[in-house]
Amino acid sequence: MKPNKLIKWLAMSGVAIGSVNMAVAQEDDTIKVGILHSLSGTMAISESTLKDEMLMLIEEQNEKGGLLGKKLEPVVMDPASDWSRYAEQARDMLTGDDQVDVIFGNWTSASRKAVLPVVEEENGLLFYPVQYEGEESSENIFYTGAAPNQQAIPAVDYLRSQGVERWALLGTDYVYPRTTNKILEAYLKEHGVADEDIMVNYTPFGFSNWQSIVSDVADFGSQGKKTAVVSTINGDANVPFYTELSNQGISASDIPVVAFSVGEQELSGIDTGPLVGHMAAWNYFMSVDSDANYDFIDNWVEFTDDETAVTNDPMEAHYIGFNMWLEAVREAGTADVDAVKDSIIGVTVPNLSGGSSAMMPNHHITKPVMIGEIQDDGQFSVVWETSGNVAGDAWSDYLPESQNLISDWRAPLRCGKLNVESMTCEDGAGDE
Amino acid sequence: MTPTHTMISRLRGKAGSRRVNGLKIAPRRWYCLPVMAVLLVWFALVSPSQADVSPQRAQALLQALDTDDFDAKAEAAQAIAASDAAQKTRWLEAFLDGRLGRERDGERFYIITDDSGREWPIIDAITFEDAGTGSRRSVDAFRINNTLRTQLQGLIASLSLDEGDEATRLDAAKRLIGEVDAQSVDAVATQLDNEESPAVRAEIETALALYRVEQGEGEALATLEGNLDTRVRNSLTTIANSDAPIAADAEKVLAGIENKRAWYERGQTLFFGLSAGSVLVLAAIGLAITFGVMGVINMAHGELIMLGAYTTWMIQQLLPGQPGLALLLAIPGGFLVAGAFGILIERSVIRFLKGRPLETLLATFGISLILQQLVRTVFSPLNRRVNSPDWLQGAWHLNEALSLTLNRLGVLIFCLVVFAALWALMRYTRLGLEVRAVTQNRAMARSMGVRAARVDMLTFGLGAGVAGLAGVALSQITNVGPNLGQSYIVDSFLVVVFGGVGNLWGTLVAGMSLGVINQVLQPWVGAVLAKVIVLIGVILFIQKRPQGLFAPKGRTS
Numbered sequence: 001m002k003p004n005k006l007i008k009w010l011a012m013s014g015v016a017i018g019s020v021n022m023a024v025a026q027e028d029d030t031i032k033v034g035i036l037h038s039l040s041g042t043m044a045i046s047e048s049t050l051k052d053e054m055l056m057l058i059e060e061q062n063e064k065g066g067l068l069g070k071k072l073e074p075v076v077m078d079p080a081s082d083w084s085r086y087a088e089q090a091r092d093m094l095t096g097d098d099q100v101d102v103i104f105g106n107w108t109s110a111s112r113k114a115v116l117p118v119v120e121e122e123n124g125l126l127f128y129p130v131q132y133e134g135e136e137s138s139e140n141i142f143y144t145g146a147a148p149n150q151q152a153i154p155a156v157d158y159l160r161s162q163g164v165e166r167w168a169l170l171g172t173d174y175v176y177p178r179t180t181n182k183i184l185e186a187y188l189k190e191h192g193v194a195d196e197d198i199m200v201n202y203t204p205f206g207f208s209n210w211q212s213i214v215s216d217v218a219d220f221g222s223q224g225k226k227t228a229v230v231s232t233i234n235g236d237a238n239v240p241f242y243t244e245l246s247n248q249g250i251s252a253s254d255i256p257v258v259a260f261s262v263g264e265q266e267l268s269g270i271d272t273g274p275l276v277g278h279m280a281a282w283n284y285f286m287s288v289d290s291d292a293n294y295d296f297i298d299n300w301v302e303f304t305d306d307e308t309a310v311t312n313d314p315m316e317a318h319y320i321g322f323n324m325w326l327e328a329v330r331e332a333g334t335a336d337v338d339a340v341k342d343s344i345i346g347v348t349v350p351n352l353s354g355g356s357s358a359m360m361p362n363h364h365i366t367k368p369v370m371i372g373e374i375q376d377d378g379q380f381s382v383v384w385e386t387s388g389n390v391a392g393d394a395w396s397d398y399l400p401e402s403q404n405l406i407s408d409w410r411a412p413l414r415c416g417k418l419n420v421e422s423m424t425c426e427d428g429a430g431d432e
Numbered sequence: 433m434t435p436t437h438t439m440i441s442r443l444r445g446k447a448g449s450r451r452v453n454g455l456k457i458a459p460r461r462w463y464c465l466p467v468m469a470v471l472l473v474w475f476a477l478v479s480p481s482q483a484d485v486s487p488q489r490a491q492a493l494l495q496a497l498d499t500d501d502f503d504a505k506a507e508a509a510q511a512i513a514a515s516d517a518a519q520k521t522r523w524l525e526a527f528l529d530g531r532l533g534r535e536r537d538g539e540r541f542y543i544i545t546d547d548s549g550r551e552w553p554i555i556d557a558i559t560f561e562d563a564g565t566g567s568r569r570s571v572d573a574f575r576i577n578n579t580l581r582t583q584l585q586g587l588i589a590s591l592s593l594d595e596g597d598e599a600t601r602l603d604a605a606k607r608l609i610g611e612v613d614a615q616s617v618d619a620v621a622t623q624l625d626n627e628e629s630p631a632v633r634a635e636i637e638t639a640l641a642l643y644r645v646e647q648g649e650g651e652a653l654a655t656l657e658g659n660l661d662t663r664v665r666n667s668l669t670t671i672a673n674s675d676a677p678i679a680a681d682a683e684k685v686l687a688g689i690e691n692k693r694a695w696y697e698r699g700q701t702l703f704f705g706l707s708a709g710s711v712l713v714l715a716a717i718g719l720a721i722t723f724g725v726m727g728v729i730n731m732a733h734g735e736l737i738m739l740g741a742y743t744t745w746m747i748q749q750l751l752p753g754q755p756g757l758a759l760l761l762a763i764p765g766g767f768l769v770a771g772a773f774g775i776l777i778e779r780s781v782i783r784f785l786k787g788r789p790l791e792t793l794l795a796t797f798g799i800s801l802i803l804q805q806l807v808r809t810v811f812s813p814l815n816r817r818v819n820s821p822d823w824l825q826g827a828w829h830l831n832e833a834l835s836l837t838l839n840r841l842g843v844l845i846f847c848l849v850v851f852a853a854l855w856a857l858m859r860y861t862r863l864g865l866e867v868r869a870v871t872q873n874r875a876m877a878r879s880m881g882v883r884a885a886r887v888d889m890l891t892f893g894l895g896a897g898v899a900g901l902a903g904v905a906l907s908q909i910t911n912v913g914p915n916l917g918q919s920y921i922v923d924s925f926l927v928v929v930f931g932g933v934g935n936l937w938g939t940l941v942a943g944m945s946l947g948v949i950n951q952v953l954q955p956w957v958g959a960v961l962a963k964v965i966v967l968i969g970v971i972l973f974i975q976k977r978p979q980g981l982f983a984p985k986g987r988t989s
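Residue numbers (this note's numbering), protein chains in the order written: chain A, 1 to 432; chain B, 433 to 989.
Just chain B, with the same shape it has in the complex:
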């Protein structure tokens, strides 16, 4: 038996239920596989010398995978990992990807090198020689399930690992928490002595302390104070509810942990609320200009958002493989495309309907239907997939209890930047000055030499362009399809009216507070009811205060 094999058989023996301190702790079957992999990574670095095994032996190793029983497959995979076969890493990788298979009416094994089409190029799994093409009819690919997948990843990691880097060791150490037992405690303690990285040390110390607490050592509790790991919390809960002598102390530590977690949870709810609010603000801020400042009821606003999202998709199609660059280019791109459509709408329809809000409403509603159908005809009614660049995927883990998803964080920052830019534009540029002048007193502004028609066009274009920017951001968090705009138009009007027509700050505050209120309500009453409550709340608020949160000051109001 190789060392790897011994380790595995030893581990298999201990996966039953454990008795800790008189408490029966249920077997945690789903943990034992990762732990097996962890210990393999650590203890089985001595891989057997690799040589070509005989074709018969290779055939036998692969043959063992050809079964419908996933437990038998797992054993076969371990046998492969423990064998001397030079091809073993490649086999396991192909197995993991579902690309290792067997000839349906024959004895040969194949690796499918590319499974994207219906005819696959295949190679012989033992000799790696080209074997022509295969298809589902001729090659039966071995299937794996979740448990086996986790296990295979561990096996492959242990095979390809030379001297695990810090990240690998940290990951491994995290998996140890709650899994240390009488057999492995000494090995883990030795590991702690040899470990230099403080982060890894902290995790191992937690793992050891938890084990000692489970054994009834009260002094180890100090190490666990304020630890946010859920496994620590769960173990302490079990101990605190038992009649162990340290139950009272454990409860005290537990209360500290729960208190700390509660604070982080509030922080997380706030972040969720702000990020939901930032989406509302982005969607509404263009409308705050066209509806709020100019007074045009633009029902096609949602479709301008949709155009921005489609622009992102098109730019990604032009730059395959570079979603990050495409997204950055889409920011000016989306602005220009949606802005151009906005100017077109203003020139061709809206300017002829000045001062007739009902007709404007109907006409722009018609435009929104036309734009939707245009997109359906040009692109297809199906949703389009916009890829996220790596830096917008995953989450920023501040600690065990608080992590911020990067796409939402990105949208939040983008929203604030767009808001600041827009505010500066309205406050400090000539265009902003003219816009404010025209909206406050059109006749007076014209008599001062401001070309009101041109200002109208540019303002509407600006509002439409900002809607396009919202579309670029939304493409990162929701479906890009012809109906994208419809889901935001009502929310946008809601935010603008609530915030106070004609006030950018009002839109920001209104959007953010509606987002936070919604997220606070959601866990209690559910997503559907939360939305209803918010809507009723806004209606009542508007009844009481028709001018919204921030009333515009000036003669026109």
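Isolated chain A (complex conformation):
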């Protein structure tokens, strides 16, 4: 067994319990890359794939000769879906034996909020790959997932262009759906949608008793105006939700559902036959037509040794984030955190949809926004796409409390929460 095969085998078989330093031979001259994704507990379904992807990307880079003449060395930890453990392990990665140069990790907003003070205090770098609610900007975090204006707003624009006039905003009861729906409500009202044409509903995690809510939505949609559901329903609750929709005979041509948290990975456990035509909004779909994407899928299938392995949007975000970091380190000539923080702004790398993405001064990136319709093979077919890239906006323009705020981490400003009206830098980052 070759050493890198062994690394892969160890990682894939889940031997990594707690902190396992996985380099077979300890070399002094390595650049350490922390991977902070849950490999057990409820989030393992989504996050363990990202850990594997990072191992693949690191392996590929090492085959190409590493970075600045040094090998990259992955440091994998398992925070076990426990938010406070993310913070502990991030601190351990930054200050313990490993002293990693960069961390790729987190999925839920709750875990990001837990890690944020740690990376700021210890001056680490965190690349966060998942779509999130915005209203945050940290000097030490790079948000490679979509901000609300890179997912939710364009999706609503698309539905409006399709004649939708009534909106049911359904979500799971936690920070991401609540903030996103708050932004969407403000946006819709600004565009002349009346109060009675918006229905908002929140359900607990893992909710399965959808009958009366789906029946309410059907009733809401039967008033003669074209109605759509905007779903920020997360995780497990989606399967019973879609089952109930099809059982009550609501198809995508009656009331289309556009989801922000349902991707290829989530659909791989569902019979998508009755869901054909329902939509999702992302910045990447596995079915995107580009050679970079086809190469990425081929490598991924080979790495996982699974013909049916799927790719998804957060994976693309890590792909972009990793390449941006590589480029920034090359530009800075060192993996030193402060140098990389400065050199990464403005870095442009190819994304998987055929274009390229740039890191903005507000630590968000530019990407295209796409709407895909679910197909019966569990893939999405892209039916609409923004004409160019959309730049991520840390502070939403549609919420009164944040419409005057911007974030700019370039010298000499270096402010995550700049009020453009008073030109004062309000307290840095991490505002709830």
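The hints are simulated quantities; they were obtained by calculation from the structure and are not laboratory data.
Accuracy of the hints is not assured; some may be wrong.
Stated by the list, open to error - List of simulated lysine-lysine pairs, DSS-like, C-alpha gap at most 30 Å:
#1 Lys226/A x Lys182/A
#2 Lys692/B x Lys226/A
#3 Lys963/B x Lys182/A
#4 Lys182/A x Lys113/A
#5 Lys692/B x Lys606/B
#6 Lys189/A x Lys226/A
#7 Lys226/A x Lys32/A
#8 Lys684/B x Lys606/B
#9 Lys225/A x Lys189/A
#10 Lys32/A x Lys341/A
#11 Lys225/A x Lys692/B
#12 Lys64/A x Lys32/A
#13 Lys225/A x Lys976/B
#14 Lys226/A x Lys606/B
#15 Lys963/B x Lys976/B
#16 Lys226/A x Lys684/B
#17 Lys32/A x Lys113/A
#18 Lys113/A x Lys963/B
#19 Lys71/A x Lys341/A
All figures in this text were calculated on a predicted structure; none of them were measured in a lab.
Got chain A; can you put chain B on it based on the hints?
Only chain B this time, still in chain A's reference frame:
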């Protein structure tokens, strides 16, 4: 131009806004496509004689689909449907399934015959000759969107339809409601004269009456009385709010309709409540035996439910393609598997902890974690997909306002059957007699020759088996995964305590009433708050009446 084509161009002309009775009615763009399809089904049965068109013509027809503009694609699809090409049905079907595509660097068109893997077998779209294999890199499949999909389904239906059967005509007639206008009213009236089926006639009459009411004919209102169709209601609302002469009459009819709908909505809420309650009862009834009758606090109860659900999944894996049979076999299967685990738990742990409830609680909590991890290790942490048989999919439409989803109805009936069987078992069999004897007075029962240890084991096994049955039912309405049991354990204890420990009837009444209360509250306060209110309500109730709804009678209580 073929007749089909003429029809389409005529229809396209009328999709603008209509002025009815001085009221401007907004164009309903999303309706016009289905209606186009409906009218195609009815009027364009004369399909052009099919012959092979020249390869150049076929190439040109397919070429027109190769565009990013969905409106242009729709026109191209209509051109195909109107053409003489013998391959047209196959083309449209492949297009609908996203399996018609074009060579990326070439001019050929392909149909992908199987798109499940990453290398697809493909055939030439014009000659249907085998063309080897293709992949995403080499074949660019044409994309469709929702609007186009609806339209294609209509086109294909019109092509493959010989003499539309009753169901097709009924479906078509339903789509006509609200879509009749001055141009089509005579054609629709003729259709009514030729129609024999009463159901279809009723729909066409509604469609015509609605049109006449919109034109201001007050006498047509009588036909609409008590009609539950939402389109009728919406049109009448518009008329009632206008200053048309029939506004007052329309309002009267509308009030009747709203009143009738309100009653059906109450019926539906009741059904939702009972079905939510039946899930609670199923989950709790096993616990009503182990905790209620035996007094064992079994924190692993949820995991026994999970084992029943996994048994269903495994049996489905063994019988691919027969989800119905698998589900029926899973009923005894789930009972036996969960029952066997229950007996194992009782023999190995619980009997040594008799009379020590705290230790039992901790030990069974440990068992529940062990069982969860066991399932994660053996199967995977990912959820498993349990298919529903056809007879548990969809809904039973009683009328426009009331329909009962079949999977929920199935669970409700199953719950009542399980309850009746369990009750009969406790009431009429020797085992039931012995269980009651042992729980009421253990020492006395033993002195009468009842083997108390054996009764304990069987009772616990029975409770565990019933939990397994709950798992079989839950696999039809929720995710089957390692965490399945956790979401039901608290609810189960809640139901048993609320209903009165040791009383099966109490569990039934408590579960059903909690379900109904929850569903009644839910539209007002939301799912999260409804649950909180129910919980607070039960806590207050228990404070007032610690023995629960039905207090067990007897010396032990």
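Please write out, lowest number first, the hints stated earlier that are contradicted by the structure.
Of the numbered hints given earlier, those the structure breaks are 7 and 13, listed in rising order.
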